[in-house]
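Asker: Residue strings, one per chain:
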Amino acid sequence: MARYILQRLGYMIITLFIIATVSFFLMKLMPGSPLGAAQEKLSESQLEIVLDKYGLNDPIPVQYYTYMKNLVQGDLGVSFQFDNREVTGILLDRFGPSLQLGLQALILGSVIGILFGLIAAVYHNGVIDFTSTIIAVLGTSIPSFVFAGLLQYYIGVKLEWLPVATWDGFEYSILPTIALAIFPLATSARFMRTEMVEVLGSDFITTARAKGVGKFGVVFKHGLRNALIPLITIMGPMAVSLLTGTLVIEKIFGVPGIGDQFVNSITQNDYPIIMGTTLFFAFFFILVILIIDILYGIVDPRIRLTGGDK
Amino acid sequence: MKKILDVKNLNVSFNTYGGEVKAVRGVNFDLHKGETLAIVGESGSGKSVTTKALMGLLPKPHGYVKEGEILFEDKDIAKLSEKELQKIRGKDLSMIFQDPMTSLNPTMKVGTQIMEGLIKHQKMSKTQAKERALELLKLVKIPNAEERIKQYPHQFSGGMRQRVVVAIALACNPKVLIADEPTTALDVTIQAQILDLMKDIQKKTDSSIIFITHDLGVVANVADRVAVMYAGKIVEIGTVDEIFYNPKHPYTWGLLGSMPTLDSDDSELYAIPGTPPDLLNPPKGDAFAPRNQFAMDIDFEEQPPMFKVSDTHYAATWLLDERAPKIDPPESVQKRIDSMASNDGKGDM
Chain A
1 MARYILQRLG
11 YMIITLFIIA
21 TVSFFLMKLM
31 PGSPLGAAQE
41 KLSESQLEIV
51 LDKYGLNDPI
61 PVQYYTYMKN
71 LVQGDLGVSF
81 QFDNREVTGI
91 LLDRFGPSLQ
101 LGLQALILGS
111 VIGILFGLIA
121 AVYHNGVIDF
131 TSTIIAVLGT
141 SIPSFVFAGL
151 LQYYIGVKLE
161 WLPVATWDGF
171 EYSILPTIAL
181 AIFPLATSAR
191 FMRTEMVEVL
201 GSDFITTARA
211 KGVGKFGVVF
221 KHGLRNALIP
231 LITIMGPMAV
241 SLLTGTLVIE
251 KIFGVPGIGD
261 QFVNSITQND
271 YPIIMGTTLF
281 FAFFFILVIL
291 IIDILYGIVD
301 PRIRLTGGDK
Chain B
1 MKKILDVKNL
11 NVSFNTYGGE
21 VKAVRGVNFD
31 LHKGETLAIV
41 GESGSGKSVT
51 TKALMGLLPK
61 PHGYVKEGEI
71 LFEDKDIAKL
81 SEKELQKIRG
91 KDLSMIFQDP
101 MTSLNPTMKV
111 GTQIMEGLIK
121 HQKMSKTQAK
131 ERALELLKLV
141 KIPNAEERIK
151 QYPHQFSGGM
161 RQRVVVAIAL
171 ACNPKVLIAD
181 EPTTALDVTI
191 QAQILDLMKD
201 IQKKTDSSII
211 FITHDLGVVA
221 NVADRVAVMY
231 AGKIVEIGTV
241 DEIFYNPKHP
251 YTWGLLGSMP
261 TLDSDDSELY
271 AIPGTPPDLL
281 NPPKGDAFAP
291 RNQFAMDIDF
301 EEQPPMFKVS
311 DTHYAATWLL
321 DERAPKIDPP
331 ESVQKRIDSM
341 ASNDGKGDM
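First to last, the sequence lines map onto chains A and B. Start counting the first sequence at 1; every next residue gets the next number (the UniProt record's numbering). Start counting the second sequence at 1; every next residue gets the next number (the UniProt record's numbering).
Where hints are given, some of them may not hold.
Only pairs whose alpha carbons sit at most 20 Å apart, straight line, appear in this in silico EDC-like list of lysine to aspartate or glutamate [as the list claims (entries may be wrong)]: (1) B:K109 / A:D203; (2) B:K199 / A:D300; (3) B:K150 / A:D300; (4) A:K215 / B:E84; (5) B:K60 / A:D300; (6) A:K215 / B:D321; (7) B:K284 / B:D321; (8) B:K109 / A:D300; (9) B:K284 / B:E302; (10) B:K308 / B:D321; (11) A:K221 / A:E198.
What the hints contain is simulated information worked out from the structure, not anything from laboratory work. Predicted, not measured: the structure shown is a model, and the values here were computed from it.
Start from the sequences, fold in the hints, and give me the full structure.
Answerer: Quick look at the structure:
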């Protein structure tokens, strides 16, 4: 097991290296300059000084070499927009709210979604099933910003139960969490229902029933674990997209998250931030996939990693 | 011998989009303590549905017992609630399934799957249940039981898995064990091992077995009595000797004639012509009549009653009516019967 994880971490470094290289050169192809409109106000010599200071006058391969050298030492550079703030510091500041929102939405969405799907499967073709199917279809087809708007208007403005926007404590996170949770909720409910209906029709469920196991035991002890295996597959990418921040929801609720930060840095050609965020996202994505693979082994003994023995 | 199970006029139907499918139509049989009853018949004859009804495992609400009684220790299983059924299932009645590759939960340890019933029905503690599970694994002759009990089904071969399935079924010393084609999915050498195992266990535990199969070779090997099913009805029932050496129903003749044996001299195997009837609209008369070369006019008009051949032997064919012409089994079948009779005592077929 430890060997496997080490091996995966090795792959991770190679992948990150490739991603860093590709995004570095892609970024250099972008039009515009980090100085933006300010560029026109500067004289020729002032411009030279600024560009020299940030190393932007060097040939691109040299810039690449310098960046990679710093990267290996864990230095992501300093931001162009925010006066000399370290990229690492900015990312960590901005990631906090995104991580909190994402985790809350993921847990809320998947737990309720799985329960929904389970109930729908157990009473399939009944009223509950149809209701949950409708909710699932609505949840996957209506964009989250529509829900966000509705939540803000009814719960925030009309009922005044919760703050409409900004970021100042847990109660500020409730509405954006709900808005974000709708999609994972709907997706996992739909997925869970399909899987569970199939699992409940399989032979080993009949074996369990023939043993005298009750309905509850059949669904939770025998069905759930087997139905979860395929669900884990879709949970991975879903978790990443939720945890790395969803730009739209962050914008609507005025959350100072990483998604918002990322888009700003691209429009302003803030190279170190763009690189830093890209690498951070990539790192996170690979990490989540690794966690998912380990989870697979925990849920499904058939693909458990035995580390070479037997 | 004590009667343990008594099935009276059992009718099972399924509601489908096409209408009501009458899968089992008036089945009567009983089962004594320590006895093995084999139910034979081709696919779709209603043998599996009958046993599902016995276990209360019909896929509700589409499948249901329409009429009749299943008396087990003076209780009518057909009328029990799901909760009451759960108390009987696995404890008094248990079941061995056809395909060991799919009938075990792939994400649960084998030991846990055996212990489940023990903890539920016999209120055992985990340690007690584990001890009993080890005993059971040894009973079904799984070597290295201490190690195996911690493993998952995918670490077992097909034959070993079926032994585990048998162990699960035997866990609470059931009074009736229903085996639904337990050897069909296994290869021949493993089949023989599982059959020997079941016979051995029956001797030790004195349980009754209902053995569903379409393999007459297996029937001769394990059964005391045989019920032949066709189109949802029992067409002939009797002891093994009566069914094999003195069959009365033309369908039984067909089954015996189409069974390959080691010393069959015929180069071609007999096949019953035609296909079974559609049970969505069962025929008015004898369901077997269209495939029966000896069918008489009455066969197409009216269903035959069970004619008594001996105290234990009954058959539903108009040929046994006193007004019918006397007809013997076809020559090839008679030859087969004679050769089986002369081979008897020389070992299994």
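Asker: Would you list, in rising numerical order, the hints stated earlier that this structure does not obey?
Answerer: Structure breaks hints 2, 5 and 6.
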